[in-house]
Each structure stands twice: as C-alpha cells, then as structure tokens.
Amino acid sequence: MVKIDVSLCVVCGGCIDLCPKISIKMVDDTVVVDPETCSGCNICVQVCPMNAPYVCDD
Amino acid sequence: MLSKFDVVIVGAGPAGLMAARTAAGEGLNVALLERKKDIPQIHRSCGGVLNVNEPTFGEIVRYEEDKKLLTFTKQGFTIDYDGPHSDVYGFHLYSPGGVRLEFGNFAALRNDPQKNRYGLSVSKEKLLRTLLEESEKSGAHIFPNTNVCTVRKEATGVAVECEDGSTYDGTFVIAADGINSRIARELKLNRDRYFFGTTRDAAVEIEGNACPDPEGFLFIITEHGIFSMIPLYKQNCYHIDASTYRRDIKPQKLLDYFFNEDPTYSRWFKDSKVLPHKTACVVNLMSPLEKPFKDNVLLIGDACWRREMSNVGSLGTGYKAGKCIAGALNQGRPTEEGLSEYFAWYAENYFQPHGARKQGGRDFSEYLTGDDIDYIAGLPDNDFPQTLDIYKMVNIVGKTYAELFPKIYDERPDIMDKLIEIREDMDAAMERKIKMGFRNV
Ligand SMILES: Cc1cc2nc3c(=O)[nH]c(=O)nc-3n(C[C@H](O)[C@H](O)[C@H](O)COP(=O)(O)OP(=O)(O)OC[C@H]3O[C@@H](n4cnc5c(N)ncnc54)[C@H](O)[C@@H]3O)c2cc1C
Ligand code: SF4
Ligand code: SF4
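Protein chains in written order, with my numbering: chain A, 320 to 377; chain B, 11 to 451.
No wet-lab data here; the hints were simulated from the structure. Every residue gets a Cβ at the ideal spot worked out from N, C-alpha and C, and that includes glycine. It cannot be assumed that every hint is accurate.
[Said to hold, decoys possible] Quick list of in silico lysine-lysine cross-link-like pairs, PhoX-like style, CA-CA up to 20 Å:
1) B:Lys244 - B:Lys136
2) A:Lys322 - B:Lys260
3) B:Lys198 - A:Lys340
4) B:Lys333 - B:Lys147
5) B:Lys78 - B:Lys136
6) B:Lys244 - B:Lys78
7) B:Lys333 - B:Lys304
8) B:Lys47 - A:Lys344
9) B:Lys260 - B:Lys288
[Claimed, not checked] Residues from chain B that face chain A, not an exhaustive set, calculated with beta carbons under 10 Å:
10) Ala212
11) Lys260
12) Gln262
13) His287
[Unchecked claim] Derived coverage of chain A by chain B (criterion: at least 3 residues anywhere in the stretch with Cβ under 8 Å from a Cβ of chain B; other residues may be distant):
14) 321-331
15) 345-355
16) 362-371
Chain A on its own, in the form it takes in the complex:
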C-alpha cells in the first residue's frame, strides 16, 4: 500500500484529485491514504511533484 511522507507533502491536493479510487483525503490540512480502498496503482506516486507518496509493505 501507499503512504504519504508528510515531511515532503506540501498539501497541493494533486494526488487527491487524480487518485482513481478517491482513496486520498485531506484531514486537518494533512493528506492521508485510506488503506481500505487504495488499489496500489501507484498513480499518486507518479503524480506528486514533491516525491511524498511511497510504497510500503505494512
């Protein structure tokens, strides 16, 4: 699954807009991935201008 490195994320919203599963949301001005619905397609990883999303195993 995918997580967001909040130290790199600038909260531009680009990945939220383009995630096909609508799995990314903004909570208190922090961007988080919903592990329940994320399909692991990696689009957010490729889209992000800041390199903030990353694939992790747990």
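Knowing the structure of chain A, use the given hints to seat chain B with the ligands on it.
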C-alpha cells in the same frame, strides 16, 4: 442547522468564495464546503497576481491605493484589499542564453505605476481571508475540513455527498473545486473534453534576486525546462515555478538545477535566500466546457477551464454565478433556463474569445538547441506592446514569427528545418504528452 440550501458551493478558492459572498449577500441560504481546514492558506502554487488596468475576460479591474479597493468596473463590484502589494508591468520572455523579449518598456511605464501597471501582486491569503469573513458576515454557512466525493441529482435539486458520510442538499450547486474538478469528473463532463496531458509544478519563494527586471512576469526558457518568475507582494521576494510534462522528471529537481547549475540564470540567485513556504500543483489540461452546467450544477473558475482561468477571471465567474443564481431563484426558475444570462455572459467573455483555442504548449527544447532559441529570440527588432494577458502574448508572438519565417529560411535553413519538423510532429508530440498524462475521466 438546515441541510437544504438554496446553493451549495464546493471549493473555497477565489471563485467559490466570491460566489459565496455574492449569493449570501443576495439573501440566499448558502453552504460553502472546502476540504482545507484553514481556508485562506495557499498550498497550491499561485503567483498571486491580479490583472489590473488591462481588459481580462471582458473585465477591467482597477486598484485605488487611497481607498484600498479593488473595483471590477464592468460587473460593478468591489473587494477590500489593504494588504501589501507590488506592481507588475508585463511579461518578459527569456531565452536559454539570456536574450529578452519585452512586452512593454518598464523604464517608461514606471513613471505612473497606478495607471500603467497591468498586474498587482497581492497576498492571496489576505484576499481570501477578507472574502471568507465577508461571506460569513453575510450569513453563508462555512464547512471547512469537508471533502466532497460526488453529487447526485434529486427531484428538487442536487445532493452533495461528502467523504464523512454527510450530505448537503442544494437547489443549485456551484462547483468551484479547481482545475482537476472532481465534480466535473463525477458528472461525466470530462468524457467529451480533449485531454492535453498533465503538468506537474513545484514552486518556492525566494528573497533577493539579481534579475534586471524585477517588475516583470518572466517566462524563462532553458534547455532543461521552462521556469516562471513573479514578483511577490513582499518587498524583494519572488515566486519561482518549474513545470514539466515528463513523468521521469521531478519538478523539484528542475528548481535545484535552475538555482544552482543553469549557466545563464543561476548567477541571478547567488545571494538569494529560499523562504520556507513551498507549494506545488498538478494540472490536467482539458478543453474548456462550452456549457459549464449539468443537472443543476454550475461549474465556475478553473473547474470549467483549460488551465488557469486566473484569479480575476475566477472572481468574475464567482460574482456572476452568485448574482444569476439569486436571480433565477427569485424569479422561481430554479432550472437551466433560469441561468440563461450566465451562459450568454460566459460565452461572450470566456468561451468565444478563448475557449476554442487549440492547446499548443510544445516543448521547443526537444527540437532546438539553446543557441537556436537564442537566435530566434534575437530576431524581432521592435519591442512588443505591453501585456500581461497570456492569450494576447501568444498571439503577438505567433504573428511576429509568421512574418519572420522568410528571414529564418534565408539565414538559417537548418533552424527552419527544425521548425518545420516541430510543426509536422505536432500531433505525435501531443500523443506523447497524452500518454504521459493522468486523465481523470
Ligand atoms: C503555478 C501557477 C501560478 C499561477 N499564478 C497566477 C497569478 O499570478 N495570477 C493569477 O491570476 N492566476 C494565477 N494562477 C491561476 C490561479 O491560481 C487560478 O486560476 C485560481 O486560483 C482559480 O481559482 P478557483 O477558485 O477556480 O480554484 P482554486 O483556487 O484551485 O480553488 C479550488 C478550491 O476547491 C477546493 N477543493 C477541490 N476539490 C475539493 C473537494 N473535492 N471537496 C472540497 N473542496 C475541494 C480546493 O481545496 C481549493 O481550495 C496560477 C496557477 C498556477 C498553477
Ligand atoms: S501530490 Fe504530493 S505534495 Fe501534493 S498533496 Fe499529494 S502527496 Fe502532497
Ligand atoms: S496507489 Fe492509486 S489508489 Fe492508492 S492512493 Fe495512490 S493513486 Fe490512489
């Protein structure tokens, strides 16, 4: 708390906030939903320039220094702005080796900034905060921290569904959710739009800079990409943005290159300090919506447009949308027909003049060397007319170079061959961009 509203507005950028202030000021029961918690904070890149004095989408905005008032003279409304600002006169284009194309002679224009500036660089945060406070004062219900998922047509209006399970019903909905509008996607409006690819930008603010024209909106073409530099409202501070279509390039890396390695431009930034505020953006480029409406949802601002509609353009649609929806409801016509004035106005000022344009945006450095571009940039012998209107700038450049082709053909047939190649490759280049993009249908 009522859950049925006259109008539910999604997105609190310039377009949505202006719509909320206007609709609430007309006495409508308004809900404004925004995914950000701190609404005026800017996370998505924007230079913060307002087009003033020069016609923009049929509007002319003036800023009166003494009254601290932005006046939209055609539509006849004002916005208070008493924050800091700086003046911007027009575009300058730079080639890789430093040849400059000027749109306006800044030295002469500086004599009367209030009259001659075509841009006012403002604190967008302050502007949005003012609109937010005025919307609240007029009675709009503001819902921050609210992620909208989709809209659903109902018998008497539209239901807006949020990620936390809450629903807001509106007789009308205004989608002001920005360039990659989820609502446009959910309404299936993107299916009929041409898709031109995805750009990804990273931007920083810097203090101090040795560029020779600090009052310019600069586009700097280098062999590694195109950069823009805009003076900020803060004294001696600039917004610098790097943009790319390519999936294998991180825009952040482009900025590093520009500041530290570019043979022509890095020297401008030797003594610059990078400020902490970083922004980014991802932009899906699509043809604008000819009819920005479906199932009682009106799309305004960037949500219905190709790329940036601009702050002034977006504020204009917000005001007009608020007025026309109030008019439709007051006349008891809560339908598409009730908004016919809005559609006519949008067609005249937005879609007809600018909407049908094909997306150009080729990356010349794929074909031409830095020296080639320097040669081309050095050809025109006149300064161009002053402008801060991107559509006008593109037209001027196109017309100028069409006239220069015979000269290029004579002097540099090698470059002419490459220009012909660019033209012949246009469709294939577009295909490559579309492949690299992330279409949201
Ligand atoms: C690099 C760059 C530089 C620019 N510089 C300038 C400039 O100098 N001058 C100028 O005039 N224009 C500039 N622009 C363009 C300008 O920023 C936009 O045209 C303008 O902000 C559009 O306003 P808007 O209200 O339509 O959309 P936005 O400002 O994008 O606002 C949309 C709002 O909707 C919210 N939202 C989105 N989706 C949802 C959802 N699902 N649920 C809830 N809320 C949601 C977002 O959080 C956001 O607050 C620039 C753009 C870029 C990319
Ligand atoms: S695209 Fe990147 S920077 Fe922008 S919100 Fe997503 S993770 Fe953050
Ligand atoms: S991996 Fe795909 S589904 Fe998962 S959050 Fe990223 S874009 Fe969405």
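Hints versus structure:
Annotation: proposed proximity of B:Lys244 to B:Lys136 holds, straight-line Cα distance about 13 Å (limit 20 Å). For the proposed pair A:Lys322 and B:Lys260, the alpha carbon gap of about 19 Å is at most 20 Å, so the pair holds. Distance restraint check for B:Lys198 and A:Lys340: the Cα-Cα separation of roughly 16 Å lies within the 20 Å cut-off, and the hinted pair is therefore satisfied. The straight-line distance between the Cα atoms of B:Lys333 and B:Lys147 is roughly 18 Å, inside the 20 Å bound, and the hint therefore holds.
At roughly 13 Å between alpha-carbon atoms, B:Lys78 and B:Lys136 fall within 20 Å of each other, so this suggested pair holds. The suggested pairing of B:Lys244 with B:Lys78 holds, with an alpha-carbon distance near 17 Å, which does not exceed 20 Å. Distance check on the hinted pair: B:Lys333 and B:Lys304 sit about 19 Å apart at the alpha-carbon level, within 20 Å; holds. Using a Cα cut-off of 20 Å, the hinted pair B:Lys47 and A:Lys344 holds, with the two alpha carbons roughly 12 Å apart.
With a CA separation close to 15 Å, the supplied pair B:Lys260 and B:Lys288 stays within the 20 Å bound. With its C-beta approaching chain A no nearer than about 5 Å, B:Ala212 sits inside the 10 Å limit, and its interface hint holds. Against a cut-off of 10 Å between C-beta atoms, the interface hint on B:Lys260 holds, since the closest Cβ of chain A lies about 6 Å away. Using the Cβ-Cβ criterion of 10 Å, the hint placing B:Gln262 at the interface with chain A is satisfied: the shortest such distance is roughly 6 Å.
The beta carbon of B:His287 is positioned within 10 Å of a beta carbon in chain A (closest approach about 9 Å), and the interface hint is therefore held. With a cut-off of 8 Å between beta carbons, the segment 321-331 of chain A has 3 residues touching chain B; three or more are needed, and the interface restraint holds. Remark: the segment 345-355 of chain A is confirmed as covered by chain B, as 4 of its residues place a Cβ nearer than 8 Å to a Cβ of that chain, reaching the required three. Three residues within the 8 Å Cβ limit are the bar, and the segment 362-371 of chain A against chain B gives 7, so the coverage statement holds.
The earlier numbered hints are all upheld by this structure, with none contradicted.
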